[in-house]
Amino acid sequence: MNSFEYVSPRTVDGAISRVTDRGRFFAGGIDILGEMKEYIASPQVLVSVKELPATHEIEPGKSWTIGANVTISEIEQHAGLRRTFPGLQQAAAEVGSPQIRNVATVGGNLAQHSRCWYYRHRDIQCLKRGGSTCYAREGDNRYHSLFTGNPCISPVVSNLAIALAALDAKVIVRRGKDEAALTIPDLYAKAWDNPVVHHSLGPTDLILRVQIPDEGRASAYRQISEKASFDWALVSCAAAAKVDGNKLRQVRVVLGAVAPVPYQVAAAHEYLEGRELTDEVAAQASEIMLKDALALDYNGYKVPIARALIHRTLQQLVG
Amino acid sequence: MPSWPAKPTVVGASTTRVDATAAVTGAAKYSSDIQTGGWLYGMIFRSRWPAAHVTKVNVDKARQVPGIKAAVVEREGERTVRFYGEELAAVAGVSKQACLDALRAISVEATPLPFVVKEEVAKKPDAPRVWPDAPNLAEPNVKEQGDVDKAFAEAAAVVEGFFTTAVQIHHPLEPHGNTVSVTNDGVTCWASTQGIFSVREGLASYLDVSQEKVRVITEHMGGGFGAKFGPGSEGGLAARLSQAAGAPVKLMLTRFDQALAVGNRPSSFQRIRLGAGADGKLVAFDMDAFGTAGFGAGAASAGGGGGAGFPAPYIYTVPNIRVKQASVAINAGQGRAFRAPGHPVASFGMESILDELAVKLKMDPVEIRLKNDPSEVRRREYEIGADRFGWKRKYKPPGSTTGPVKVGVGCGGATWGGGGRGSQAEAQINPDGSLEIRCGTQDLGTGTHTVVAVVAAEVFGLKPGQITVKIGDTRFPPSGASGGSTTAASVCPAIFDACTNALQRLQEAAGVADARGANWTSACKKLGVNPLTVHGEWREGLSSRGAGGVQFAEVEVDTETGFVKVRKILCVQDCGLVVNKLTCETQIQGGIIMGLGYALYEERVMDSTTGFVLNPNFETYKLPGFADVPDIEVILMEMPERGVIGVGEPCTIPTASAIANAVANALGVRVCSLPVTPARVLAALGKAVKPGGSV
Chain A
0 MNSFEYVSPR TVDGAISRVT DRGRFFAGGI DILGEMKEYI ASPQVLVSVK
50 ELPATHEIEP GKSWTIGANV TISEIEQHAG LRRTFPGLQQ AAAEVGSPQI
100 RNVATVGGNL AQHSRCWYYR HRDIQCLKRG GSTCYAREGD NRYHSLFTGN
150 PCISPVVSNL AIALAALDAK VIVRRGKDEA ALTIPDLYAK AWDNPVVHHS
200 LGPTDLILRV QIPDEGRASA YRQISEKASF DWALVSCAAA AKVDGNKLRQ
250 VRVVLGAVAP VPYQVAAAHE YLEGRELTDE VAAQASEIML KDALALDYNG
300 YKVPIARALI HRTLQQLVG
Chain E
0 MPSWPAKPTV VGASTTRVDA TAAVTGAAKY SSDIQTGGWL YGMIFRSRWP
50 AAHVTKVNVD KARQVPGIKA AVVEREGERT VRFYGEELAA VAGVSKQACL
100 DALRAISVEA TPLPFVVKEE VAKKPDAPRV WPDAPNLAEP NVKEQGDVDK
150 AFAEAAAVVE GFFTTAVQIH HPLEPHGNTV SVTNDGVTCW ASTQGIFSVR
200 EGLASYLDVS QEKVRVITEH MGGGFGAKFG PGSEGGLAAR LSQAAGAPVK
250 LMLTRFDQAL AVGNRPSSFQ RIRLGAGADG KLVAFDMDAF GTAGFGAGAA
300 SAGGGGGAGF PAPYIYTVPN IRVKQASVAI NAGQGRAFRA PGHPVASFGM
350 ESILDELAVK LKMDPVEIRL KNDPSEVRRR EYEIGADRFG WKRKYKPPGS
400 TTGPVKVGVG CGGATWGGGG RGSQAEAQIN PDGSLEIRCG TQDLGTGTHT
450 VVAVVAAEVF GLKPGQITVK IGDTRFPPSG ASGGSTTAAS VCPAIFDACT
500 NALQRLQEAA GVADARGANW TSACKKLGVN PLTVHGEWRE GLSSRGAGGV
550 QFAEVEVDTE TGFVKVRKIL CVQDCGLVVN KLTCETQIQG GIIMGLGYAL
600 YEERVMDSTT GFVLNPNFET YKLPGFADVP DIEVILMEMP ERGVIGVGEP
650 CTIPTASAIA NAVANALGVR VCSLPVTPAR VLAALGKAVK PGGSV
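Residue numbers (numbering that gives the first Met the number 0), protein chains in the order written: chain A, 0 to 318; chain E, 0 to 694.
Treat the hints loosely; a few may be bogus.
[What the hints assert, rightly or not] Quick list of in silico lysine-lysine cross-link-like pairs, DSS-like style, CA-CA up to 30 Å:
| no. | chain 1 | residue 1 | chain 2 | residue 2 |
| --- | --- | --- | --- | --- |
| 1 | E | Lys689 | E | Lys564 |
| 2 | E | Lys359 | E | Lys28 |
| 3 | E | Lys564 | A | Lys226 |
| 4 | A | Lys226 | E | Lys142 |
| 5 | E | Lys689 | A | Lys290 |
| 6 | E | Lys149 | E | Lys95 |
| 7 | E | Lys686 | A | Lys290 |
| 8 | E | Lys567 | E | Lys689 |
| 9 | A | Lys36 | E | Lys95 |
| 10 | A | Lys226 | E | Lys395 |
| 11 | A | Lys36 | E | Lys60 |
| 12 | A | Lys290 | A | Lys246 |
| 13 | E | Lys469 | A | Lys49 |
| 14 | E | Lys462 | E | Lys142 |
| 15 | E | Lys117 | A | Lys226 |
| 16 | E | Lys370 | E | Lys323 |
| 17 | A | Lys226 | E | Lys689 |
| 18 | A | Lys226 | E | Lys567 |
| 19 | A | Lys169 | A | Lys61 |
| 20 | A | Lys226 | E | Lys686 |
| 21 | E | Lys359 | E | Lys391 |
| 22 | E | Lys55 | A | Lys36 |
| 23 | E | Lys462 | E | Lys6 |
| 24 | E | Lys149 | E | Lys117 |
| 25 | A | Lys169 | A | Lys49 |
| 26 | A | Lys36 | E | Lys28 |
| 27 | E | Lys123 | E | Lys567 |
| 28 | A | Lys189 | E | Lys689 |
| 29 | E | Lys149 | E | Lys370 |
| 30 | E | Lys95 | E | Lys60 |
Simulated from the structure, these hints should not be mistaken for laboratory data. These numbers were taken from a predicted model, which means no experiment stands behind them.
This is chain A alone, in the form it adopts within the complex (with noise of 0.2 Å):
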């Protein structure tokens, strides 16, 4: 990698200031050190995040809040988000090795960039990289997108986002003084049309944590892998919603690893709105989230992995 400062700021003002166009933030480190070794990103500064204060706590409440310093294997080991956000626990529990849960983080995880095979190797200069092809697109896709807003193919590949999606979570966000606060479709949204960014975050904008609403809401997440653990998904599926007696309601559904960001259709909600699930509905539901799939030359079998974890999914919610 190329030479860079390091810095670690106490403050998020001094974090902001430090980190500018020429920097980028610095937590567990898993995404930006691979991305710097290959020199795929050479930053000139790297802001360390980790002395950030209120950014390490899990706090209960009608509004969970989630720091974006907390590992991804606290999510996983904390019994309250066990029991109240299942799915989230699952989604946490899938991601990398135990090593890499000890490290990563929520922030790092919800920002990290693309796992595409062709931007990630140190001698393509891809679309994504500020070149003029996408090379997946004729070349081989089988881990890419069946859908997308732009000539990039590269999915969205964060565990957390998809989960976090179906539970409504905000991701509160400093953008320039101001904090915002982001809805999971906000925070991706400029990656369904742009195809040089991962988010829809800035260079200086930085993930401060996540709050999400406990509405006695039941969810759940899988995925399916080449492997057994310590893989990457081929596609993942969360939901979540009341279950009412025999009917959902406030049902999310949301597809991972097929599409820049993480996939929802409204009209599927409409449709599994109020009722009870039987098998033709989660196949009626899959339809419904499958109809503007776009097959590419290796990534067809996504298809019918989607459906599947649609119907298993939706089946946890009701047990």
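Since the structure of chain A is provided, determine the placement of chain E on it from the hints.
The following block gives chain E in isolation, referenced to the frame of chain A:
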């Protein structure tokens, strides 16, 4: 002829590795741990083109990078590069970062050339040529016997299939590399190698110095699997950097380098037709196959068992056969011997088509093997294994599980040569009763230190922990390279001979009838001041060649997601005289886990547009983790009368075949390509959406 004791006490027992504590505490210094005084880091600069005409490689600016002590060009003058990752230059410096900076300061003048990285494209006549003077597709090797067409015409059942296997990259956990120190007094090389004497020969010839000037040391190393016989270009470059810098240079490859340039198991594309009589006896076999061993296959071969050919119809005897095999060159890293070269490839095609035939004839897969396998040993193993595995209870017609998660079983067999050859050793008995066994072999991590101690302990009536084992140094009596599952069968007889001779000499010198066990210390004391050093060598009668093995697999396949979970692998392995039961079984387990990777995960992915390897890391080149490893049961079929036989290779051969057959049995349709991924399972089931298709 010498023979092993009829009732051994140490040989055949389970002995914990004598170096276990050292290995887990870090006291054992692996080749990559060596930090000899004043050492420098070395790194290689590689081609960024899959094919190019290179006119100049300029390392001047690299030399000026702070901390850099030497930079060398791999080959002077103009040259053609033929794969992404080909070595062009190397640098040595005081830190890893200095070397990385220096690599970025190297400039190359080159004209890119057309290239091809996919076998199916490369074999077309109009494809870009890897070697200008020869088509990529070499002339096939053709083997024909009997009257194939007539036999097919008269066969009661004929099945046909097209099977493919992926390129499997060599990824030993310790990467390739050496620390080389070149001085006026001579050359010392700490190598991560399978053959210290082959490294010595290679370095002496590369540097044009006499072999007695070169010393190679490999005390502990982290795996080779067929890819670490010589010094490699990394060894040669380290030596030149050491010469230029006047300091030892440690040049260990990175994981990225490993994916490109240290060798691999060639791919295969096998079209097979198989015919049998109504009784299931095979009558006709017809195969047309090709595969790639990388850039070397079209003209000069990388050699050493790294070619794309493989034995066919593998372990079976078929009276009428026609086999056509060709190698196709592509712009990619070369094939190299890889744990049982050719055999897992051969096994996958043959065992798959054989199961198809069994299904067509409504025969039990084990029955059809008992009927056709010419090896009496394997037929016994199938019977032992089937019984233990519960085959009769578990085997159901293909696809008969109800529900989305289907269960299936499969099996397959293997053969391997192995066997011993000339190895020498010496035993030094000291007057205080301590003793040293020296042998110029090397421990690949399979437990050679321990089997040496076990054999010596057996002869002297001592415990393995009382023996000091000195191996991995070219100053010790020569032994062969560790390849072809020959190490135990070569080394153990030499140790046995040296120790038997030493015991006899000790008894003569000390004037005692039996110096073993309880008499040991008092007998040694009678030697006076000088130790006794006695030579020994490999002798006929203590080892033999030829090892058969069979494996059974039980899998569950999720037909909605394509995910395959292997529940159980059972292996029955012919192993002659077991020297150390513990390391014998664990080596077999390791072979099975490697076979599991070949079956389900491992595949070098080449990109047609760039010519690059797309998965040069363990994130996307997938290896089994503990969560993927099934229940493994190893049954050793001991035949002590045969002496020592190697088991390192046969145990990895049939795993993928057995798993693929189990998947086919579960699904009722066959995935004809390795690795068996969720994508391929769903495609075989007709569930994957076609390109451009919608839901």
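Hint check: Lys123(E) vs Lys567(E), CA-CA at most 30 Å. Holds or violated? violated (42 Å)
Given the hint that Lys686(E) pairs with Lys290(A), does the C-alpha gap stay at or below 30 Å? This hinted pair holds, its Cα atoms lying about 16 Å apart.
Given the proposed pairing of Lys226(A) with Lys689(E), does the C-alpha separation stay at or below 30 Å? holds (24 Å)
Satisfaction of hint between Lys28(E) and Lys36(A), Cα-Cα up to 30 Å: Cα-Cα ~27 Å, so holds.
Holds or violated: Lys149(E) with Lys117(E), Cα cutoff 30 Å? violated (36 Å)
Taking 30 Å as the top limit, are the C-alpha atoms of Lys55(E) and Lys36(A) close enough? holds (27 Å)
Hinted pair, alpha-carbon criterion (30 Å max): Lys462(E), Lys6(E). Please report holds or violated. With Cα atoms ~16 Å apart, Lys462(E) and Lys6(E) stay inside 30 Å; holds.
For the pair we were handed, Lys226(A) and Lys142(E), check the Cα-Cα distance against 30 Å. violated (40 Å)
Between Lys689(E) and Lys564(E), is the straight-line Cα distance small enough, at 30 Å or below? holds (25 Å)
For the pair supplied as a hint, Lys169(A) and Lys49(A), confirm whether the alpha-carbon distance does not exceed 30 Å. holds (21 Å)
With a cut-off of 30 Å on the C-alpha distance, tell me whether Lys36(A) and Lys60(E) pass. Measuring from Cα to Cα gives roughly 21 Å; hence the hint holds.
Tell me if the straight-line CA distance from Lys567(E) to Lys689(E) falls inside 30 Å. Violated, because 34 Å separates the two Cα atoms, which is more than 30 Å.
Comparing the model with each earlier hint shows violations of hints 2, 4, 6, 8, 13, 14, 24, 27; every other hint is respected.
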